[in-house]
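> Given next are the chains, with one letter for each unit.
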Amino acid sequence: MSYTGWIIITGILVGVTCGINGSLLVLRKTAMLADAISHTVLLGIVGAFFITQTLHGIPMLIGAAVVGLLTAYLVETLNQKGVQKDASIGVIFTSLFALAVVLLSFIGSQVHLDTEHALMGEIAFVPWNRFILHGIDLGPKAVWMLSAVLLISLTVIILFYKQIKISTFDHHYAILIGIPVGFIHYLLMTLVSLSTVASFNSVGAILVVAMLIVPGATAYLLSDRFINVILLSGLIGGLSAILGYWSAVQLNVSIAGAMATTTGLFFMLAFLFHREGLVIKYFRHRLRSQ
Amino acid sequence: MNALEITNIKVNYHKQTVLKNVSFNVPEGSLTGIVGPNGAGKSTLIKAVLELIPKRSGTVKVYDQALRQQKHLIGYVPQRSEVDWDFPTNARDVVLMGRYRKIGFFKRAKKRDIEIADQCLDKVGMLDFATRQISQLSGGQQQRVFLARALAQDASIYFMDEPFSGVDAATEKAIIHLMKEWKSEGKTVLVVHHDLQTVEEYFDRVLLLNKEPIQYGETQTVFTMDNLERTYGGKISFLERATVLT
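Going line by line, the protein sequences match chains A and B.
For the first sequence, the residue numbers in our numbering are 1 to 290.
For the second sequence, the residue numbers in our numbering are 291 to 536.
Bound-form chain A, shown alone:
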């Protein structure tokens, strides 16, 4: 496949994976926790590098899952000990991320892993980092990693759909009827960590937050069914990737930046034009007063 084709496929996979998982975070009102995890997973990546001395997919995924869960757990623990929720997110998020940045400087220039790359990513380099097995070129590594994470996410969401839905809507009721709410929470945090790491090379830690949260927030405005919010969010993520790539080429700007900006445009349109949106309200008001 062509260079452009791989970039678009990678972008779509990032958009759909982050969109699906992110919509659940928006519905659970834990979007800020996603922001935290998207940064602290860097510690997992650096940690995995120190242990294995390579930047291979699987150790990175494991490292990220571990640190992602650790982040969620520490935030929860501080919160239970009486620290405000947003303050505990702020404390854990920054300290783990800072630790990762410090460790990063020890790595030096031996591998392509630095702060700027971690923060911003570069989807244009993705097609060159190939997955070669027994001499056969199987395409970019990122595509494999993202596909695996998307598959895991879909499996988890399909298997635990009811549990996720009930525990998101009514936490206490879910406990009463025997849903393992803690397990579900950490399961979803694992999915967020995995999505983040898989998207890291492409869009980096900052823009991945946009890909996680904005499509979900947009879909939330537009749909009144739980399943539709998830699907629509994935769709918006995917579309943003395609439109973002196209506009980046037209305007000669950063691809990841354009993708994230496109999610923002989608959100703005939804915000103005959804059923209770400002524009619709304005016209409804005018119609009524005529």
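One or more hints might be untrue.
[As the list claims (entries may be wrong)] Within a straight-line C-alpha distance of at most 27 Å, the following computed DSS-like cross-link-like pairs (lysine-lysine) qualify: (1) K162/A / K310/B; (2) K81/A / K310/B; (3) K501/B / K345/B.
Since the hints were made in silico from the structure, they are not lab data.
Following the hints, put chain B in place on chain A, whose structure we already have.
The following block gives chain B in isolation, referenced to the frame of chain A:
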């Protein structure tokens, strides 16, 4: 026979004791009101009893067995403000959550479950709103959806947290009707309640609570001005005093 035996419940919140020494037995088929001032720990008590929040100590027995084995007998109607009513779902879906245990963890709702959900909605006068998004419902209608969910659970002991707060007259009637029906079926109902004027009318037993039980027993004997003043620490309003005494 006692439906519920609660012994020595204590709840701490950030090292501060918010509830202590709570012990009482609830006979089967009774309607019990849990009454006390704001911050008395009424909701906390229900949540601790149902193990929705951690407690420092205490045991709960349901029909002589540990709660853990008997959770299928428990129905729960949380305070309306506790859930996100903007959540993307409709009334029927919320009621179907009440069938969750019967449907099974990984199975989908069958036609029969949907029929039952609709019957429950019908019973509280909400069948016409089955496919309505829950944010489009009024406060009273939302409360009735919660009642329908409790009905769908087909429990033996119902806990309701302030079901009467902020509802319209029709919903209030629906709740009272349902409580009486449950009682006639031998079911046990506990309700967190804060409207002193209606306590005598609605409940045959009362637990007066202010961080610890002040008095518990049959409404006629327990619901006296004296006990209320002890519970509310003299903070009972003139108006409430007048209505209770008449």
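> So, for every hint listed, does it hold in this structure?
Do the hints match the structure? See the list:
no., hint, verdict
1, K162/A / K310/B, "36 Å, violated"
2, K81/A / K310/B, "21 Å, holds"
3, K501/B / K345/B, "14 Å, holds"
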